[in-house]
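Chains as they are written, first to last, in the numbering used here: chain V, 1 to 236; chain P, 1 to 374.
Worth flagging that the hints you see were computed from the coordinates, not collected in a lab.
Everything hinted at is true.
Subject to a maximum C-alpha distance of 20 Å in a straight line, what follows is the list of computed EDC-like cross-link-like pairs (lysine to aspartate or glutamate): (1) V/101 x V/90; (2) P/215 x V/234; (3) V/101 x P/75; (4) V/101 x P/67.
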Amino acid sequence: MRRIFAPILAVGLLFGAAAQAEDTLSPLHWQSQGSFGSYDKAAVQRGFLVYQTVCASCHSANALHYRDLEALGFTPDQVAGIASSVKLADGSPATLNDVFKAPGVGAAAFGGALPPDLSNIETSRPHGLHYIYGLLTGYAAAPASVTLLPGRFYNTAYPGNQIAMPQPLKGNEVTYADGTAATLPQEAADVSEFLAWSADPNLNARHEVGLRAVLFLLFLSIIAIATKRKIWRETV
Amino acid sequence: MSTDVKKSWLASRLPCPAKESGHCAPTMERGRRYGATLPTLISATVLFLLASGLVQAVYYNPAHGFDSIQFILRDVNSGWLIHAFHVTGATMLFAAVYALLFRDIYRRAYKAPGELVWLLRVKLYALLLLVGWLGYALSDGAVSYWSLTGAANAATGLSGVAGAVGRWFFGGPNGAGTVARLEVFHAVLALTVLVTLGAQRCAARALARQAPAPKNPVSCHPYYTAQTFAALSVFALIFAVLVFFAPHFGLNHLNTAASDTLVVPAVLSPPWYLSPVSAVAGVFATAGGGIFGVVAMLAVLAALPWLDRSGTSNKRGKLYRLLIGLLLLDVIGLGWSVSDPACTAAGSLTLVFTIWYFFHFLVLTPLVTALEAE
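This is chain P alone, in the form it adopts within the complex:
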């Protein structure tokens, strides 16, 4: 074997594919917005969550889920801080993912040739919903216990292959060993989030290489590293404010009590980042216990590149932008409608918001994009 003398010892033995052309080469377009740093913020938050999750995993005892979290909060050195990092990290991660999805919808970044990046983003969102819900179930509180019971009953009650997978996943109705299984899935699926992020990064890079070379390019460093650092600093500032001064932000306070197998709390709202999906699942409660609703919600989102009928036209109409604004309000409304049971109209509002969500993607999007492209 001949060793290339120009390459280092490691590079000759471990050739990395698609090595970057260097951070100092002027290859990048000017005027990139702060929003373009969102994938970096998401990756950083995922790594942060993995680290804080690892620390908690060594103390967490699935046989006594709630009590072991109390142990982490009260008796482990700085356990309260690590726990708050993890809980608020989930809030920050979902905030960034929701922002990224809406940014892509607004900019129509999902259109060809960006479909794969978009599909990977929807996959990331779906995975995070599952991992986030599993973490919520691990908290073993008075509210999450009933979410887990409902989901386990629905999944084990399904027929055919879906039911077989559901019974394998939960191991039957919510019982003594269920949380132990979910702890494993929470950790393993969290690692697959990293794989999805890596694939998304590769696909986005490939997309960037296809784009025509910019006329007046700048180098990544120092121009965009400075921008990313500024975005990270502000992100960390918001994170710190929430961790230290609003550690229960967006969470159901009833969940800070221990689960009780005989008492269903009055308010069953999930964490804020799961609530839009939870609302849609509630509307489809009779069809496969809400699982159908969640799958349908994600499926129309994933189908967006093909629901947009504007073809290769780059015209951007005002009506479509208005509809995206309405969609944002609609998703916020969905989340709000399950978090405020005191509002008697909440049930019918959830139905209206759900209908609008599907009407937006399945009817308005093809119609308006086709009309505006002409």
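Here chain V stands alone, though its shape is the one from the complex:
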């Protein structure tokens, strides 16, 4: 099987590599989209940096452990470094088996609007990738016809357009190690990809196994139907 699939996978990797190099912002797209999509590890790593620097100060991600970050292509040492740099509530450094540190701040600190847990935010919103990207880049001055409620901000993507979260990203919150310019659209796209991974960490394996399973069953079905027809043709 491996021999048959190696060329197919090689072609896939070729296109995958091309997708990484190209600009994903115009037109806006993510490598994980579509039936054969897979996560762009560089983008997810950049997205994690944005998450850790900005999002994690108010949002929890209770389904994630620090050990899970190894799936993003970080080395075990890097993940251990990331975990130990996080100080838990009792002051001790986090370990690999700790859940992502929750901010532990009550709703009162946020004017009653508790920031939602981000573990599954992308699957629990329609068109999650586009929604998160649209939300993070959708802050604007309110039109004259809109009167904002106290403590609310105008956002074109949020249902109802009045969101309690102040604009979290404005660009250059982080410095990317790979030299990518940390513009607002780039940060929003990267953190969207990271949250897609957090909601569906098995997407790569699912698509990889799925392609093999579907191809196998496709041939099996063709052979089964042909066999049935042949058997019936022989009866008189």
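With chain V fixed as given, assemble chain P onto it according to the hints.
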């Protein structure tokens, strides 16, 4: 005790009743359609669901339902695959059951002497609705939590025997221990599905034996085993496409968030296979919290052999077939009308579709079948 030397050691001690005459004996009618393999596909899917359910049951923790499913998805080896098998298996099972019910209605297989098979099929459907809903409640998501809360409130609020059963089943309003009870019922009722399938198979066999012997018979093997294998392969292919490339097919995406006792989501639609029943339950919401609607919906379906007034006539009119096509659209419409709350007419459409459903069975079916039989 004298042992029959011709029988094997086991067969002489454990005589199986109604042993088949052998798979190679030419006893079967020619020209059986692929649709006739549906009961086999249903049995295979139920066994598959039992296996994938068993694996999940050992990891599922009813005190932390949502979190333990996240654990299965993220931390159990291949847990995401087993979970997807179970979720998509439910979709495939209901697709096959809906197809079987409509096939029987279209072919009028429910007519005497097929009433018992038909009643067992409706029973299977009713059981699967309950088991499917219980599994949905076990997912403990933001949407299913409110479905469970509504059902528990309605069931415990009933009066008389129904209320007593409801309070015993749910143990009171939705609270800390409710999901633990439902986990037990989900598993036990899933096993009773097997019993129903067995009874259905026996009844269908008895029916087949009553039929006049075919003029030019073929043997089951290899003719029909080849057909069943082809059907199973295509069924598995569709299943694999859904598991790997559309694992959330027909499910409410809002349910992938954890339940919140203080927040009701904007869209409360159940999985697609429960939505026609959920729509009818919503119409009867004031009468016993929708339970009356569900029972009435299943009761008219079960009464179909007696609502069909064509008697022994085998004439098949075009009008009745047209009505069955309309019924199919009606049931699809019922399901759609609760899944799209953005449509402002959805509420009144649900009412129209519900009225048509009962009008079809209680008025049109007796009328048209009696007219066409003449």
